[in-house]
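Colleague: So the sequences go chain by chain: Y and B. Residues 1 to 154, numbered by our numbering, are exactly what the first sequence covers, in order. Residues 1 to 117, numbered by our numbering, are exactly what the second sequence covers, in order.
Be aware that a few hints might be false.
[Stated by the list, open to error] When the alpha-carbon atoms are kept at most 20 Å apart in a straight line, the in silico EDC-like pairs for lysine to aspartate or glutamate are as follows:
(1) Lys45/Y to Glu60/B
(2) Lys108/B to Glu27/Y
(3) Lys104/B to Glu27/Y
(4) Lys79/B to Asp23/B
(5) Lys16/Y to Glu99/B
(6) Lys109/B to Glu107/Y
(7) Lys15/Y to Glu93/B
(8) Lys42/Y to Glu70/Y
In short, the hints are calculated from the structure, not lab data. Bear in mind the structure is a predicted one, so any value in this text is a computation, not a measurement.
Here is what each chain is made of, one letter per residue.
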Amino acid sequence: MEDQNEISKRVLTIKKTFNVPRKTVWEAWTDPEHLIQWWAPKGMKITIVQHEFKVGGRWKYTMPMPDGSEFISEGVYTEIVIPEKIVTSANFRPMTEGVTLHVLFEEIGGKTNFTFSVIHPTEEYCRQQEKMGFYNGWGSAFDRLEKILSFITG
Amino acid sequence: MTAETRRDVFQAIADPTRRKIIDLISHQSMNLKAIADSFNISRPAISQQIKILHECGLVEIKREGRETFCSIQPQELKKIADWAERYSRLWEERIDMFETYVNKLHGKKNKKHGRSK
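Chain Y on its own, in the form it takes in the complex:
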């Protein structure tokens, strides 16, 4: 078990309440047909390359960038509790690698409390990456990231 306090330092959490039954929210999040409708930023298009919705299953979405490169989102599902919880590893290349996504769906009287968290790698992992020269690659990577981010967020 990981220490909650330790985790909270490296988590980005977004909470929402939808005035919609959980079944529909779950469906919108997990069905690839729905997924392609909302995952990509406005004006962008994603292709679902892989969508094995099961524990140990892989998912991979690609998005063509204006410079001809591809923005790749991918991961492996590590926990699926229908229709309550999804945990998956995730890489967003070239932006951030080795994060974990936690998605929680809680139904309360026909509404859905939705909690989305991105958990960044542990400090230990960062140190390890540092030793491997990960940070040295930062400089050049940032140029591309900057372009991608400014394009996506407008």
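Position chain B against the provided structure of chain Y, taking the given hints into account.
Modeller: Positioned in the frame of chain Y, the structure of chain B alone reads:
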């Protein structure tokens, strides 16, 4: 390699020693000797790192008599925070789009099942 010559805030934080120097002088400006004393690295090596930080625009160097004072340039450091903020905004926007879509889907379903009275 161009990565060696680029000089910006992200290059500045790409090295662990430079990050430590930033930590040290972010509280107060310090002279070069005091900074070097905090490390187990030779003073010329520290000078070299400070020179890079200066070239990255992150550190201001002032000479007063024999002493060299280094102080942080916080506006440059803010670029990192801005970048990180934009990254979290990306997620917020994605979840907003998800919300819009969920509401739309819900509306469609209600219509289909003829729940409107």
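Colleague: Decide, hint by hint, whether the structure agrees.
Modeller: To see whether the hints hold, each was checked on the structure:
For a cut-off of 20 Å, the pair hint linking Lys45/Y to Glu60/B is broken: about 45 Å separates their Cα positions. Pair hint Lys108/B plus Glu27/Y holds up; C-alpha atoms about 13 Å apart against a cutoff of 20 Å. For the suggested pair Lys104/B and Glu27/Y, the alpha carbons sit about 13 Å apart, so the restraint of at most 20 Å is met. The hinted pair formed by Lys79/B and Asp23/B meets the criterion: a straight-line CA distance of about 16 Å does not exceed 20 Å.
A distance of roughly 8 Å separates the Cα atoms of Lys16/Y and Glu99/B; the hinted pair therefore holds under the 20 Å criterion. Straight-line distance between C-alpha atoms of Lys109/B and Glu107/Y comes to about 18 Å, which keeps the hinted pair within the 20 Å bound. About 13 Å separates the Cα atoms of Lys15/Y and Glu93/B, which keeps this hinted pair within 20 Å; it holds. For the suggested pair Lys42/Y and Glu70/Y, the alpha carbons sit about 16 Å apart, so the restraint of at most 20 Å is met.
Going through the hint list in order, the structure does not satisfy hint 1, though it satisfies all others.
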